[in-house]
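The listed protein sequences derive, respectively, from chains P and V. Our numbering puts the first residue of the first sequence at -5, with every later residue one more than the last. Our numbering puts the first residue of the second sequence at 153, with every later residue one more than the last.
Worth flagging that the hints you see were computed from the coordinates, not collected in a lab. If you're wondering where the values come from, they're calculated on a predicted model, not measured in any experiment. No residue lacks a Cβ here, since even glycine has one placed at the ideal position from N, Cα and C. Mixed in with the good hints, there may be bad ones.
To be verified - Ranges of calculated distance between the beta carbons of each label pair, as one might list FRET restraints:
id, chain 1, residue 1, chain 2, residue 2, range
1, V, P348, P, T39, 18 to 26 Å
2, V, E425, P, S76, 54 to 62 Å
3, V, H467, P, T39, 25 to 33 Å
4, V, S372, P, D13, 16 to 24 Å
5, P, E88, V, K272, 22 to 30 Å
6, P, E33, V, K459, 52 to 60 Å
7, V, Q413, P, D13, 13 to 21 Å
8, P, P84, V, R421, 33 to 41 Å
Stated by the list, open to error - Derived, one-sided and incomplete: chain P residues facing chain V with beta-carbon distance under 8 Å:
id, residue
9, T(-3)
10, I(-2)
11, F3
12, P9
13, R10
14, G15
15, Y17
16, G47
17, Y48
18, S51
Next come the chains, spelled out residue by residue.
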Amino acid sequence: MKTIRVREFTEFPGPRYRDLGPYSGEEFREKILVPAIKEHGGNITIDLDGTFGYGSSFLEEAFGGLIRNKSITTEQANELASHIISEEDPSLAEEVRSYLTDASSNSQEDWL
Amino acid sequence: MKKASIDKELKNKIDQKRHWRTVRNGTEERRQRLNNKRSRRQKAKSDGWHDEVKAPPLINLYDEKDHERTVDFLKSLRRAVSRSKKVRICFRDTKQITVSAGLLFISELDRLVRAFPDVKFSCIRPPVQHSSKFGNETYTVEAVLNQIGFFQLTKIKQRQLPIYPNVSCWKHSQGTVAEGEIAGKLLNHVDNELSPAAKRRLYRGAIEAISNCVDHAYPSARPDGLDLDDKRWWMFVGIMMGRLVVAVCDLGVGIPTTVPQKHSWDKIRVVLEKLKLKGTRDSEMIHASTYLRSSRTEQSHRGKGGKDIRDLLNHYPGARLTIYSNKGCFHDKNTTLLTGQKYKVGALNEQKKSILGTIIEWSVPLEELAA
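Excised from the complex, chain V in its bound form (with noise of 0.2 Å):
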């Protein structure tokens, strides 16, 4: 039957039929697609929904924009693990993790997983980069994830990985006390080619360091709102582009807090214009720390923790000291000029955002340690 023939009335007729059945059927396809939405969503939640924080592309302190990105990591870290029972660390973007970074990392997620046991971990692990020589693939960020002991605290599985002898000699412990065995053993395992006279010195700084942050750092609760109980320390040891490199890191409140609670700010003030400083910046308290001496009206025995910490900068020319402390950062370093005559650097930095604690870093040349 042609189309024009058929009667205008059965037409409307059919046309009506036609309209009601796709509204009909739409609304019944569009609920169940919406149902089916909706029981989708839910069973993701209760199964494999994930709280996901994104790894920067470089955990790094020593940049400031790295930096900023790395604090921002660690806070989203904290809100995620405070917050989901499932968490997703992402490091898909992730290509280098330097030392202090690196450390304060893993502090942080210690400190995390301890004070929220039930929180699963999953992560995506960083990328496989190839060598730009031969084209090699190369496992560096997950071997150092590896060895710092990220799998291990989070309960991911391992992989085996091909064993870099830059990375496989890194080390790290942590502890509450400060327990000198622990950072001898530490100091013992990273090199046994270091000089008795090397690891006496490397010793001095690192248990006067722990000592500092057991007695110091933790006066009160750190302010990152999570209100947890926990006064450890930790310790790095590695090699590191032919430099050992020892770092000793705690979450309290840093020293720009610490220091007008041990020091009257008359004491401060002397110290601060001897070195030319406002004081008003957390890179320039840390600095004043250094050269800070209980007076002898508050134990004048005290407080020579500063220059054990420095000393190494005595001894060895290649040396460095580096100490982060919430937003402030201070260099110091040996520089030898043409004429052989030795003079110190310090630099400060101010960072935008606050690390919540503090990281001594010491790195000395390795064959200056030989000798």
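Next up, chain P with everything else stripped away, as it sits in the complex (with noise of 0.2 Å):
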């Protein structure tokens, strides 16, 4: 299984949006995230360890936009949410998760 650890993207997460500031939720989507969800699938391991904190906008976007621009499908985000993992933190996995579960109920109510 693959780890990603947000630290070695950026000790300092930034806004939601590329436009807003750099290391931002959507350029950590788009460059670390989706390529690493295109090769393993749901079977990564997010590590939100080792950071200065973050900010929601930046998790909501990250995670979330995930499921927003179909990145991945809602059984590889089910996956993911159970491989968010911080130690320092457990309520960050915890707000990840709901992210996550949030946009997939979203995705379905736009679909139905």
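Mind assembling these two chains? They're in different frames, but the hints should get you there.
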């Protein structure tokens, strides 16, 4: 299983979109997450530790954006959700799971 | 010869001569005097004439009177810098500079210096204060100006001053994009004893506030008549009276203007009704903005910044949040009842004059952050 450590991307996660500033959630998703998912599917672990902190916009765009942009299926999202880890702040992993779940349910509503 | 013995005709002649000499000399003297005055004035205008702006005794936004004086001072500063070549800022009466007002002042000055680089600044330094206990001389206000970069910005010579620990920890920075590294380094600089969890929470609020500045604060020109294109944000971190203070400021159109642009009125009305507010005042719109999220049709995944900005209050019982935007001010804090139950208190203040921007300020007791 591949492990992605956010701290290897940046120590200071930034805003939601690229045009707002460096190391954004959008950039992390497009540069790191999407290529890794293309290669390994949902079978990857995301390690959130080692950074200075996260704004919720960064996390929402990085993970919720995967579903909105259809880079990941609902099954892959469920698998990914169970592989988010943060020992420093376990509530972060919960938060990311909620973004994945919310984005999944919204995309299903749009489909219906 | 006795006076009485002078011939009357001769006396008249002498008097007349004297009279005309006085008139002649007087006119000449007067002309000379006026000429000198005119040349002195012209010389002063070309050499050392300054447009003087007087800073108020308290550069402060917390109190209603000080708020008005501070806003007037900043207005005079804008007017002077945009119209004159030389500006003198007089701090003769200034006894205190508080965090939000200091940040607003330095942001305003920074913006003006960038827009009018040829203006030369001078200043009358703040008075030396004497401590009430031992009468020691203290230069606190000048040290604050020093620390917030006033002298560096205006290129006025900086004096060597004693080090005041409660001032030397103040740090500020600015940027045009939401760069987390700037915020992180400021938080790191101020106090190494902060717990990692505290840093994460402070960082979360700060990066969201900065992102909001970049994303929403500057949809159109600031209504100050200068029509400048400067879309920066400024951030301050410091310790004051045992509390860590973090403030983020922008000189944009303000929350009361951007809220109706970002959200539908139906949605705003629902929040206002829930909060039992009319929405006619700036402070009410600020309060409403902290609860507004974009509706489903307007991208439901967005609008989480308000939650992050309020988040510190849920974690630290002594935390305070203050948001100034245009004429409005919204204070929020946690209060613990004797029963141990926590409840939030929100207070709204409406001022007479607009700061023409937004400041978000958090303050948390240091002992709570170190835990």
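Taking the hints in turn, this is what the structure says about them:
1. V:P348 - P:T39: 18 to 26 Å: Between P348 (chain V) and T39 (chain P), where Cβ atoms are some 22 Å apart, the hint holds.
2. V:E425 - P:S76: 54 to 62 Å: violated, 41 Å
3. V:H467 - P:T39: 25 to 33 Å: Taking Cβ atoms as reference, H467 (chain V) and T39 (chain P) lie about 28 Å apart, which means the hint holds.
4. V:S372 - P:D13: 16 to 24 Å: Given about 18 Å between the Cβ atoms, the range holds.
5. P:E88 - V:K272: 22 to 30 Å: The hint (22 to 30 Å, Cβ to Cβ) is violated, given that E88 (chain P) and K272 (chain V) are roughly 57 Å apart.
6. P:E33 - V:K459: 52 to 60 Å: Given about 34 Å between the Cβ atoms, the range is violated.
7. V:Q413 - P:D13: 13 to 21 Å: holds, 18 Å
8. P:P84 - V:R421: 33 to 41 Å: holds, 38 Å
9. T(-3): violated, 21 Å
10. I(-2): violated, 19 Å
11. F3: With a minimum Cβ separation of about 12 Å from chain V (threshold 8 Å), the hint on F3 (chain P) is violated.
12. P9: holds, 4 Å
13. R10: holds, 7 Å
14. G15: Holds, because the Cβ-Cβ distance from G15 (chain P) to chain V comes to roughly 3 Å (cut-off 8 Å).
15. Y17: Given a least distance of 6 Å, the restraint on Y17 (chain P) holds.
16. G47: OK, holds: G47 (chain P) within 8 Å of chain V, min 3 Å.
17. Y48: With Cβ-Cβ at 7 Å, under 8 Å, it holds.
18. S51: Nearest chain V Cβ about 6 Å off; hint holds.
Figure legend: structure checked against the earlier numbered hints; hints not met, in rising order: 2, 5, 6, 9, 10 and 11.
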